[in-house]
Amino acid sequence: MEFTTEHLVVAIVLSLFLGGIALFRSPRTARRGDWLNMLAYAGAVTFVVIRYPPLGPEFVLIAVIVGGTLGAILAAKVSMVGVPQMIAFQHGCGGTAAFLIAFSEFIRMGADLTILAQVGSVLGMLVGAVTFSGSLIAAGKLAGKIKEQPVFLPGHLTILFGLLGVMVLLSVFAMSQIGLPIAVNLAIGLIVVSAVVGVIFTIRIGGQICRW
Amino acid sequence: MLGIFFAILGVGYLLVSRVPVLLHTPLMSATNAISSITILGAFILLSKSLTPVISALTIIAIVAASFNCIGGFLLTDRMFKLFKKR
Chain S
1 MEFTTEHLVV AIVLSLFLGG IALFRSPRTA RRGDWLNMLA YAGAVTFVVI RYPPLGPEFV
61 LIAVIVGGTL GAILAAKVSM VGVPQMIAFQ HGCGGTAAFL IAFSEFIRMG ADLTILAQVG
121 SVLGMLVGAV TFSGSLIAAG KLAGKIKEQP VFLPGHLTIL FGLLGVMVLL SVFAMSQIGL
181 PIAVNLAIGL IVVSAVVGVI FTIRIGGQIC RW
Chain Z
1 MLGIFFAILG VGYLLVSRVP VLLHTPLMSA TNAISSITIL GAFILLSKSL TPVISALTII
61 AIVAASFNCI GGFLLTDRMF KLFKKR
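For the protein sequence lines, the chains are S and Z, in the order given. When we follow our numbering, the leftmost residue of the first sequence carries the number 1, and every step to the right adds one. When we follow our numbering, the leftmost residue of the second sequence carries the number 1, and every step to the right adds one.
It cannot be assumed that every hint is accurate.
Keeping only pairs whose Cα atoms sit at most 30 Å apart, straight-line, the calculated BS3-like set for lysine-lysine is [stated by the list, open to error]: (1) S:Lys147 to S:Lys77; (2) S:Lys77 to S:Lys145; (3) Z:Lys81 to S:Lys77; (4) Z:Lys81 to S:Lys145.
To be clear, the hints were calculated from the coordinates, so they are not data collected in a lab.
This is chain S alone, in the form it adopts within the complex:
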């Protein structure tokens, strides 16, 4: 395998992230670990933006400024009691980003995706959508906006496993029909079912367990 600049950048960024997490082992160094993570993140973004210049830079800039400003304001304003639900809410936003990106790539590339990339984008949609709805339910429970008591539907586990089966089927069908218009509908269906699974999975967990 040829060694390229990409490999070098990936190696550096991954080492910085792992180093950052390693610094979390002691309270004295943990703050520096957070900064190291930020540095790795910024480096990765800088490299990608230089290597793949966006076609509409002004839209990208506006999107980053809007998201970043909202994130900064809410992170600065939230009271320490509100931290767990804020983390859950942020995580839900991250999940949204994940399934939107995976969906876009799945639709854009269609049959040109390699098998590994197809599996990756299907998993991205699936995990992203479960993260999105599950984290929002968790955030709602932590904030007391949704009843904190666990909710059990009749046959809860049966429903859950049934829907997991539907997710597997939809993933396989979406990949087998990739490139055809129906694959778009199958992918949307997969995202919707995954989001429902996120809800069903989290409503049976009590608010206090979400906290720990």
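Once you have looked at the hints, place chain Z on chain S.
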């Protein structure tokens, strides 16, 4: 690529399992911020010519991911400032 994935999985497990309980909340917050690294996918997508619908979805993804990233890192840092005072 799968090899790298499993290697990092192992190293990550070893590192995270050594984090003391006191730091679990900031760790959760920090890894949450790191998870928004999916934003790279959105940047790469936007360097290609896209249909308007896909462009719009990707722009929404960038807003959501940068909210996750900036908010996550700043919130983690705020927690550490609190630790210092104590």
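Notebook entry, point to check: Which earlier hints turn out false for this structure, listed by number in ascending order?
Noted result: none
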